[in-house]
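Based on the sequences and whatever the hints tell you, model everything.
Note that the protein sequences, when read in sequence, are chains A and B. Residues 1 to 291 in my numbering are what the first sequence spells out, letter by letter. Residues 1 to 217 in my numbering are what the second sequence spells out, letter by letter.
No wet-lab data here; the hints were simulated from the structure. Built from N, CA and C at the ideal position, the CB exists for glycine as well. Misleading hints may appear alongside valid ones.
[Claimed, not checked] Now the stretches of chain B that chain A is said to cover, found in silico as 3 or more residues with beta-carbon under 8 Å: (1) 16-22; (2) 35-42; (3) 45-55; (4) 143-153.
[Unchecked claim] Non-contacting residues of chain A with respect to chain B, defined by C-beta distances greater than 10 Å in every case (computed): (5) Leu30; (6) Val142; (7) Phe257; (8) Val268.
[Said to hold, decoys possible] If you want a taste of the chain B side facing chain A, the calculated C-beta under 8 Å gives, among others: (9) Ala106; (10) Ile110; (11) Arg133; (12) Ala137; (13) Ala138; (14) Val140; (15) Thr162.
Here's the letter readout for the chains.
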Amino acid sequence: MSTAVVVARPSSMLGQIARKEIARYAVHPLFLVGAALVALSSIGQPDGNISSLGSVIAPAAGLGMIGLLVVASLIRSSDQIASAGCGAVVSERTRTLGLVCALIVPFAAGLCWLGWAIWAYRHWPPPPNGAPFGGVSDGWAVANLVALGLIPSIGGPVLGLVIGRWMPRRGAAPLFAVLLVAGTIVMQGLFEPLRYLRLVAPWTYFTGPYGIPGDDMRILILTGSPYWYCVYLVVLCALGVVLALLHDRERPRGPLFVILGVTVAVAVVTAVLAITTGVQEVMINPLPSGQ
Amino acid sequence: MIRYAARAVPWGLLGTGAGLMIGLLLLVERWPYTVWPLQGIAVGLLAATVVWCYPEPAAALVDTLPRGLIWRTTARSVGSLAVVLLWLIAVRETRTGYFGHAADVAWQGIALVVAAAGFVTWQRSRGSDGPARAVSAAIVGIATCIALARPFADVVPIFPYTAGDDWSTSRVLWSSLPVLVLIGARVPARSGRGGRRGEAPERPSGRAGRTRRWPGR
Numbered sequence: 001m002s003t004a005v006v007v008a009r010p011s012s013m014l015g016q017i018a019r020k021e022i023a024r025y026a027v028h029p030l031f032l033v034g035a036a037l038v039a040l041s042s043i044g045q046p047d048g049n050i051s052s053l054g055s056v057i058a059p060a061a062g063l064g065m066i067g068l069l070v071v072a073s074l075i076r077s078s079d080q081i082a083s084a085g086c087g088a089v090v091s092e093r094t095r096t097l098g099l100v101c102a103l104i105v106p107f108a109a110g111l112c113w114l115g116w117a118i119w120a121y122r123h124w125p126p127p128p129n130g131a132p133f134g135g136v137s138d139g140w141a142v143a144n145l146v147a148l149g150l151i152p153s154i155g156g157p158v159l160g161l162v163i164g165r166w167m168p169r170r171g172a173a174p175l176f177a178v179l180l181v182a183g184t185i186v187m188q189g190l191f192e193p194l195r196y197l198r199l200v201a202p203w204t205y206f207t208g209p210y211g212i213p214g215d216d217m218r219i220l221i222l223t224g225s226p227y228w229y230c231v232y233l234v235v236l237c238a239l240g241v242v243l244a245l246l247h248d249r250e251r252p253r254g255p256l257f258v259i260l261g262v263t264v265a266v267a268v269v270t271a272v273l274a275i276t277t278g279v280q281e282v283m284i285n286p287l288p289s290g291q
Numbered sequence: 001m002i003r004y005a006a007r008a009v010p011w012g013l014l015g016t017g018a019g020l021m022i023g024l025l026l027l028v029e030r031w032p033y034t035v036w037p038l039q040g041i042a043v044g045l046l047a048a049t050v051v052w053c054y055p056e057p058a059a060a061l062v063d064t065l066p067r068g069l070i071w072r073t074t075a076r077s078v079g080s081l082a083v084v085l086l087w088l089i090a091v092r093e094t095r096t097g098y099f100g101h102a103a104d105v106a107w108q109g110i111a112l113v114v115a116a117a118g119f120v121t122w123q124r125s126r127g128s129d130g131p132a133r134a135v136s137a138a139i140v141g142i143a144t145c146i147a148l149a150r151p152f153a154d155v156v157p158i159f160p161y162t163a164g165d166d167w168s169t170s171r172v173l174w175s176s177l178p179v180l181v182l183i184g185a186r187v188p189a190r191s192g193r194g195g196r197r198g199e200a201p202e203r204p205s206g207r208a209g210r211t212r213r214w215p216g217r
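Here is the structure:
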């Protein structure tokens, strides 16, 4: 059997690497465990008064946070393969782009969850003492599901890309994941002084049983626009990809710095819009929670 | 043995993990109802930190040296014991934040540490170089996911919440975890003889015998 050296064009090289990374992501044990936990969390009627809006934590944790760890692991093994000199020489930027293509896997899983969540929202609509209420539309609810369920399924892995490229030290990804979750819990709107500015965080609730004096489980709708928050999160994902690509010093980085600057500016603008548009006063459901 | 442990254990990483773990417990003590998922995450972080005591990147070399796996593992466990001791002290000092179940919280951590350390050592006995990176990521990921999403918390109360939750069932679940890991490791451990002094572990042919990298490859 003879062997031949094939010089591939960068585009076809990227295609091959992307296919390989997609396969590696799809069979990664941690991804499968996370997807299984999301599926388990989606069995039956959602708890609480806000239908599937209360289930967004499942894909955020099972696909997003676990995705961060998966990608950090994939980067390490991808770099090991590259440094071992197995096969053709592939630049770090191409390998990073290959991993970006692999994010189609958690995104597809997130889409499946979104389909279930929209179906569940219609099948088990929130009661009058739940959310949304008042003048808030169902579109607002769907924007919530997209922002807090679908986009984190790629947002987490993108963060893993950044961590894996810039902090490849042992234990960095799990420690960062814990810090991220701790920070996110603080910025969920549970602490009143942080409620207005909480939308700068990469994950936060817009509604929930925050309670009022005399009714600890009363449903509130917090300030901000979930539509602009979706845009802000997508821009953050793009920012993460650019940051990960910037790690490769062997290729020209000038254009990437320009894109980075533009992306940061757009992120700031969209964050301000997410905070200053939409609901601007905390809305309290007039009906008691009944719990 | 102490000198070996001082050189072999990544004390910096252990200190960082333990510091973060103590920070999480202090947050739980301050706002138990609000940030309760951090309790489960701290349990996962404890075990994920401890597994870093056991990897031996030069497994193929050290397995041929006179010091056996049992000796090396015992020496490396000094790091684990230090972190577990910090865990027990931290839980004791923050005991007002656990709805009267500080002992259960402490036991969750110890049980997961025993299970994780047992699993990693079992992997070492089979010739692996100690998949600490993968195991620590898996522990943090799964513990965090369960602590946040709480799937089937009514039936399987892994991280119970408030005094009214089913802590007794949780205690049984956590107690069975290290037992299950040890039972699972028992059969392969018989064939792996790496624990005896001066004897390299057997490297059976096929998938189980090669240095495995899980997950990711």
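Status of the hints after comparison with the structure:
no. : hint    : verdict
1   : 16-22   : holds (count 3)
2   : 35-42   : holds (count 4)
3   : 45-55   : holds (count 4)
4   : 143-153 : holds (count 7)
5   : Leu30   : violated (5 Å)
6   : Val142  : holds (21 Å)
7   : Phe257  : holds (31 Å)
8   : Val268  : holds (28 Å)
9   : Ala106  : violated (19 Å)
10  : Ile110  : violated (19 Å)
11  : Arg133  : holds (6 Å)
12  : Ala137  : holds (4 Å)
13  : Ala138  : holds (6 Å)
14  : Val140  : holds (4 Å)
15  : Thr162  : violated (12 Å)
Checked against the numbered hints given earlier, the structure breaks hints 5, 9, 10, 15 and satisfies all the rest.
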